[in-house]
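Asker: Sequence:
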Amino acid sequence: MTNKIPNHIVLFPDGNRRWAKQNGLKSLEGHKKGYENLLDFSDWCRNKGVKVLTAFGFSTENWNRSEEEVNYLMKLLEGCLVDNLGRYEKDGVRVRVIGQKERLPKSLQEAIIKVEDLTKNNSNLFLNLAISYGGKWDILNAVKNIVKEGISPGQITEEVMESHLSTAGLPSPDFIIRAGGEMRMSNFVLWQSAYAELYFSPKYWPEFTEQDLDIALTEFDKRTRRFGK
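Straight run, no breaks: the sequence shown in my numbering ends on number 229.
All the pointers check out, no bait thrown in.
Label pairs and their calculated CB-CB ranges:
1) A194 / K144: 18 to 24 Å
2) T157 / P202: 36 to 42 Å
3) T224 / P153: 33 to 39 Å
4) L140 / S66: 25 to 31 Å
Keep in mind that the hints were calculated from the coordinates and are not lab data.
Note that the Cβ used here is the ideal one computed from N, Cα and C, for glycine as well.
Go ahead and model the full structure; you've got the sequences and the hints to work with.
Answerer: Set out below in structure tokens:
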């Protein structure tokens, strides 16, 4: 039983393609299994008292993958939003998408607007999905908007910067979980994660279980967060 539960978890659901290859499946099947596991993961987090979950769905760099894979992921993301609307409503999950929405297919943009609107009053879990998102893009976009608003250099504080990031209004991440065995931030929530605790699992994301989350949370419970003091 853990005493400290992170308020805001950031998730890297990594290793879908490698899991598929290991199991003799097409890489697209790995993505499908990965998104199914993400839905379960959000349930586990909600049941344990986590308030915000930010999950990496598609990065700005992922546009460089094959056209077939990109198109499949766009459809998968759209289905993940629309097909699970009833589940979000039943479980009290508020869904928001951060990233370069203007780059997304029109049907996906429409699905995002619909789901964000219909779940906006839910409060059991805030599910923040990053689609066509990059940490450097987020910071640059915030700076551009600050300049557009005519805010003078002397008025620019950390609070002003944070209010212009795509995660404005959300608490800073407490805990970052990355599955798949890689140990890097991969251009995700770079500003926001300045003091987040990091946890890396060797398991590929599709095989990450609730027990693995419990192990990660037990590790978080042991950490002492000093914030430089």
